[in-house]
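S.K.: These protein sequences, in sequence, are chains V, F, W and Z. All the letters of the first sequence, read from the start, carry residue numbers 1 to 506 under our numbering. All the letters of the second sequence, read from the start, carry residue numbers 1 to 315 under our numbering. All the letters of the third sequence, read from the start, carry residue numbers 1 to 331 under our numbering. All the letters of the fourth sequence, read from the start, carry residue numbers 1 to 331 under our numbering.
Among the hints, erroneous ones may be present.
If we take Cβ atoms under 10 Å as the criterion, some of the chain Z residues that face chain F in the derived model are [unchecked claim]:
| no. | residue |
| --- | --- |
| 1 | 61 |
| 2 | 147 |
| 3 | 160 |
| 4 | 169 |
| 5 | 170 |
| 6 | 172 |
| 7 | 176 |
| 8 | 195 |
| 9 | 247 |
| 10 | 248 |
| 11 | 251 |
| 12 | 295 |
Simulated from the structure, these hints should not be mistaken for laboratory data. In this text, a Cβ means the ideal position worked out from N, Cα and C, and glycines have one as well.
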Amino acid sequence: MDHPVILKISNLSKSFGPVRALRGVDLELRRGEIHAIAGENGAGKSTLMKVIDGILLPDGGDIVIDGKPVTIASPTEAQKLGIGFVHQEIALCPDVSVAENIFMGVTNTSKALLMNYADLRKRASAILRQLGDINASALVRTLSISQQQLVEIAKALTLDCRILIFDEPTAALTEREAKILFEIIHRLASRGIAIIYISHRMAEIFDNCDRVTVLRDGRYITTHDIRDTTPEQVVAAMVGRVIDKLYPEKQRADERSEEVILDVSNLCEATRFRDVSFQLKKGEILGLGGLIGAGRSEIVKGICRLEGEVTGTVALHGKPLSLAHYGDSIDAGMVYLSEDRKGDGLFLDMSIASNISALAVERVASRAGLINAGRETRQAQELGRRLALKCGHVNDAVSTLSGGNQQKVAIAKMLSVAPKVIFLDEPTRGVDVGAKAEIHRIVRDLARSGVGVIIISSELPELIGVCDRVLVVREGRITGEVTGDDMTEENIMYLASIADERPRAA
Amino acid sequence: ASAQSKFQCKEGETYVMNVMVSAHPYWVPVYQGFKQAAQAMGCKTVFSGTPDYDITKQIASFEQDLIKKPAGVLLHPMQADPFIEPINAAIANGTTVVTFAADSPKSKRVSYITSDNLAEAKFAAEEIVKQVGDSAEYAVLENPGQSNHDLRVTALIDYFAKNYPKMKLVGRQASNQDATVANKAVASMLQANPNLKALWIPEAGSAEGAVAAVLEAKAKVLIMHADITPATLEQIKAGNIHMALSPNQGMQGYLGFVATFMAAHPDLIDPFNDYKTSGFNPMAIPFADNGFAVITKENADSFDLNKYMEGRDPS
Amino acid sequence: MATTSNPVNGEAGSTGNALGRLFRMRETGLILIIAVLFIVMSFASPYFLTWDNMRAMAMAFAVEGIVVVGMTILLISGGIDLSVGSVTALAMVIAGWLFLNGLDPWTASLVAIMACTAIGAIMGFFVTKVGLHHFIVSLAVMVIARGLCLLGTGGRPLGLYTLPPEFKFIGQGSIGPIPVVIVIFVLFVVVFDFMLRRTTIFRKVFYTGSNEKAAAYSGIRTTKVIFLTTTLCAALSGVAGIIYMARFGSAQPTFGVGMELNVIAAAVIGGASLKGGSGTILGAILGTILLSVVSSSLALLDVSIYWQDIIRGSILLTAVTIDHYLNKRRG
Amino acid sequence: MATTSNPVNGEAGSTGNALGRLFRMRETGLILIIAVLFIVMSFASPYFLTWDNMRAMAMAFAVEGIVVVGMTILLISGGIDLSVGSVTALAMVIAGWLFLNGLDPWTASLVAIMACTAIGAIMGFFVTKVGLHHFIVSLAVMVIARGLCLLGTGGRPLGLYTLPPEFKFIGQGSIGPIPVVIVIFVLFVVVFDFMLRRTTIFRKVFYTGSNEKAAAYSGIRTTKVIFLTTTLCAALSGVAGIIYMARFGSAQPTFGVGMELNVIAAAVIGGASLKGGSGTILGAILGTILLSVVSSSLALLDVSIYWQDIIRGSILLTAVTIDHYLNKRRG
Ligand SMILES: Nc1ncnc2c1ncn2[C@@H]1O[C@H](COP(=O)(O)OP(=O)(O)OP(=O)(O)O)[C@@H](O)[C@H]1O
Ligand SMILES: Nc1ncnc2c1ncn2[C@@H]1O[C@H](COP(=O)(O)OP(=O)(O)OP(=O)(O)O)[C@@H](O)[C@H]1O
Ligand SMILES: [Mg+2]
Ligand SMILES: [Mg+2]
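Okay, chain V solo, but in the shape it has when bound (with noise of 0.2 Å):
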């Protein structure tokens, strides 16, 4: 039954510098398989996804396909190779339209000499139709980060490829376009195409994947079916310890205080979200659902001023707040943490220290303005050891780190203030498995110290799991409300999904 090897990979190294992102993996690829790839943030997948494209190339070791061993010095030599790449982080052209984004490999090839739009545009409505509501002839500058996301997806399906690599497709999705993933997905496998799946989420893997590959700090450790492990197996090879619970304990009925943090009422904006009311509670975690497009985001960043002229009112602990503009709700408290962290999270080119203390630089400095190096670099660390942020030196610049090291720089910005109101906008985006419970952990431990915590999540277990009760959104209106027993994923798919807006019967 088994299917035919169609890559190998044996003992392949690469270095950044001092950096040993990899050192000697192997990788088997079959037919129509589809195989997971797990690990820790910074333990070489997307290294090694970025060798097999031909976009690093190795210190050492072997790649064979059918058999033949190759180098791959280019993605173009990848593509010819029938190798297709969904990447972590989102590279599109901004000032280009979706159907030509989509097909940019294709055009690169092509030996046509003119551009036909007419015929680009409708192969790409025809793939973007699977994935999404997504116009083809949109710049790809006024998507949102999720639409950004299909995009890419959109990209890869338009290769003619026999191996395809999907690096953490969904971390910014919600679980219906995760959904319609899949069925693509297996419907590609089935027709022998060979995919790679890089997912931080145990159960994705679990219910889609032949088998699965475990790196640690970019050493193999092991290859298994699926059907052979468990989800505890597969992440204690990955950290190589178990991790008995993956969130924290919920909000004990003692706990539960009438206090309000936060109260908002009447939230409006002209076109994205109207009439939002509601109020968190002292040591509660309140969560945000819905689809993509929904408007939580922009609900969220409305009410602490980010964007957008909003109108209603917003009181913090029973004082009504006259925000006129973010920094001012920064000075509040309130502070916000963005779902897109490459574009508006975070200073890519400057050091993890200094991107740590950006949200407030006045508390890494004397009182005369002088900034204190020394502070500032103890703040880095303080944070960056609290999140087990893995990196080289705290002076590095940030573009140096993997994806998920990355969003741990954000959220260390964000603690860096010790807000009263935290709003998490998809704070475990491609976060490991180890680090998300301790994000988990610390986000429960500041609702307990009396912290505000509302986080927006499209991953609902995590919703589930961490959130004391979930709000649900749907075209800029809360449609719904659910907790204790009641958070399950279909009702919020429910409420989030539902097209009359009955009150749901409790």
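Assemble chains F, W and Z with the ligands onto chain V, guided by the hints.
M.R.: Same frame as chain V, but now just chains F, W and Z with the ligands:
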């Protein structure tokens, strides 16, 4: 009309003075002379050209002048050859052209009015020898590409080489009419040549920077330059610049106007030559020298352009 | 949703009719502004809307327009070139010098253009292989090329009055009532505008400029693209230099000083981004026309030279502000 | 057992001694290159390593260095300013004109600097409120400011020989053996270098230039930052203009043409990125020194003017290439 002088313009008869880098102060007294002559003869004048150092733009402005059918244009062509066709086309269409301060010799322009750069250079050379002797070190600044400045410099060097072979050229730097560049260049020259005795500069802008460098280095160097600006004038008064040679801009404009007017009215003359059969303009003056003035401490007060322009209309 | 699509980038929203498409075009704002300028000017001066004035105005920007084409493509790919003025002058000087030394003017011109192309290739090398920034490389080349001009001529213009009439025809002749220079200019604009909008090769220029990494991930050899656009810009500067030479019948070592700012400004006014990824030839040429019409108009109206710069700068600022509001969406 | 890779640590950086830190500095490459140039020159000319020559060379870049400071800060914030030359000239013209009309030179200078600051604020307004690009706004302002210079002087330099000696002292005096100009220059460099490295306010300039959106998402009022850096650059140009005026004893309406390229080049050579987010004052000043030392050396050696540009451009290209390799990591 018989009572009126023939040296008068008809109603609306207009003469244009067209230049490049039109905001340069050099043109100001030239245009005053041009206007004074025109007013005396009841003619209208227009000052035109391009503010840029750009030949394409100057040609465009020249061609746009022609659209308005002026009687004549007194032109300072930025480059000789590019203006051949435009000048010839203008003359074919009934607008006469006279050049000044720079020429387009291969064109059919009727006359050329200029100061004699060779004479200026020779005068400067003799004056330098008079002041510092005939066996001293000297240096020059220059602006490669600008013909009249080139001439002032090369003529002086040649003159020394031929007549005073013991004069030693120790520095030759491009300053491109920029005071700061000149300042830097002269500062270095002074370091490299402690025995430098004299400095010849073909225009005034560079002289402003050069004199600052000489003062900053506390060196004793004789500075001579061509043209004049209020700043160098004050340096002359203070004795920091020895002397400046300034073309008679007023005469250049005045003579320029008269020559253009004459060229536009060839019927006023019936000379003893073959102009009727050969078809050339009988009013042609192949070359007219407007002369130059020597500015020293003694007469400096008469060369204050700002004072001169008080109460006068620059346009 | 999110359909604020802009057809700048070839992907013309061909759903609407022709008129609708015109209104959505990036260039419409500029066309309107130029139209208003024309209307105002034709009231202000009876000479403005004459054939001769139009011809004179067009002649003033036509050759520079060819350089603008090259610069726009380079800007789209994310580069910039400060050396265009010097390289244009160098083309004149090389061709002129070779001609005066006995070569026929056509061969001389070809050699000169090839030399400029080589200079572009050298810049491309320093940018793509060494990894320096376009700005600094082209600045150095600007200085070096100017030096070569001076060295080749001793600082004096080369008189090329003896160029054969067939050659001068390029710069001075007319086809019917239309100057050859303008015909050549229109040809370059139309061809490159079409290629940039429609050919697969030039689309890669947009991809590279918009996000070099994304383009590279799609298999586009971005360094090759940048190398080529850098070379092309220098080559077109060389072509412009030859046409200038034919037009002026001389080679001027000091020609084109400061041209780079004018050329870049035209492209930017026309919608090219200094960050790369966007721009059109049509827009850049409209930018050139705008700048040129303003200068020409001030000269035609005999505006005092002491006021010209002030008015010119103010019109420029006003025009880009209006254009910006007309294209508000592109922030 | 969890991770064998480097733990988060900050000590590694501060463990090295001062020498080690020096070697890791961005500016070390430039310092080395300049040092080599000095060594070569001191063999080539006996006059090079004299106090007088050092003083003369320093005087050659000191005032422009103040503009370089402003430009570097502006570049770090992601902007650019082409108008610095015109604005410098305008400061001279305004102060000179007011002085000739009876105002005392100190007040006149203050008014002039305030006027330049206002021009910077206007540019800042167009960039941050209207949303235009720095390039095009400052280009328009460059033209307008030059026009104002011409209008204010009728194109003629203003002779200011009558400036009182206390005022001329700024530009021509010495404190001990050191010219006041150089003292002022060093003061500006030290103060701004320190502020840029250490103060929270200037750190926000880096954030803004590195990623404007992320800066906004960190609560930084990026438009305010950009407005201020734009204004500061113009104000420093004004200061430079006043010092030039005191030094030359005249106000030249055509002063500083082309200065912008020199100033930007210096900053870029010194490591400032045209994309914003990086750069240091020290580096930019080293860039200025490099450019200036090369020019001075060529003049000192009396290299033929026809060769100077070629050599200058080549040294520039060589220097940035070497510096690039010495800083390889920053690609
Ligand atoms: N360009 C680079 N320069 C220096 N170090 C790098 C670079 N890219 C990756 N690394 C390092 O290589 C290691 C592996 O990174 P990689 O991106 O492959 O991790 P990953 O397994 O994909 O992690 P994640 O789950 O967070 O995406 C990390 O330590 C990272 O910091
Ligand atoms: N910059 C923008 N320009 C125009 N429309 C935008 C922009 N950003 C977001 N939108 C639109 O606003 C709506 C809500 O956006 P958003 O994607 O942030 O919602 P969300 O509920 O947070 O979903 P997600 O899961 O994608 O974060 C969507 O229709 C989106 O397309
Ligand atoms: Mg990764
Ligand atoms: Mg969102």
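S.K.: Now, for every hint given, state plainly whether the structure supports it.
M.R.: Right, here's what the structure says about each hint:
{"no.": "1", "hint": "61", "verdict": "holds, 8 Å"}
{"no.": "2", "hint": "147", "verdict": "holds, 9 Å"}
{"no.": "3", "hint": "160", "verdict": "holds, 8 Å"}
{"no.": "4", "hint": "169", "verdict": "violated, 13 Å"}
{"no.": "5", "hint": "170", "verdict": "violated, 14 Å"}
{"no.": "6", "hint": "172", "verdict": "holds, 7 Å"}
{"no.": "7", "hint": "176", "verdict": "violated, 15 Å"}
{"no.": "8", "hint": "195", "verdict": "violated, 27 Å"}
{"no.": "9", "hint": "247", "verdict": "holds, 6 Å"}
{"no.": "10", "hint": "248", "verdict": "holds, 5 Å"}
{"no.": "11", "hint": "251", "verdict": "holds, 8 Å"}
{"no.": "12", "hint": "295", "verdict": "holds, 6 Å"}
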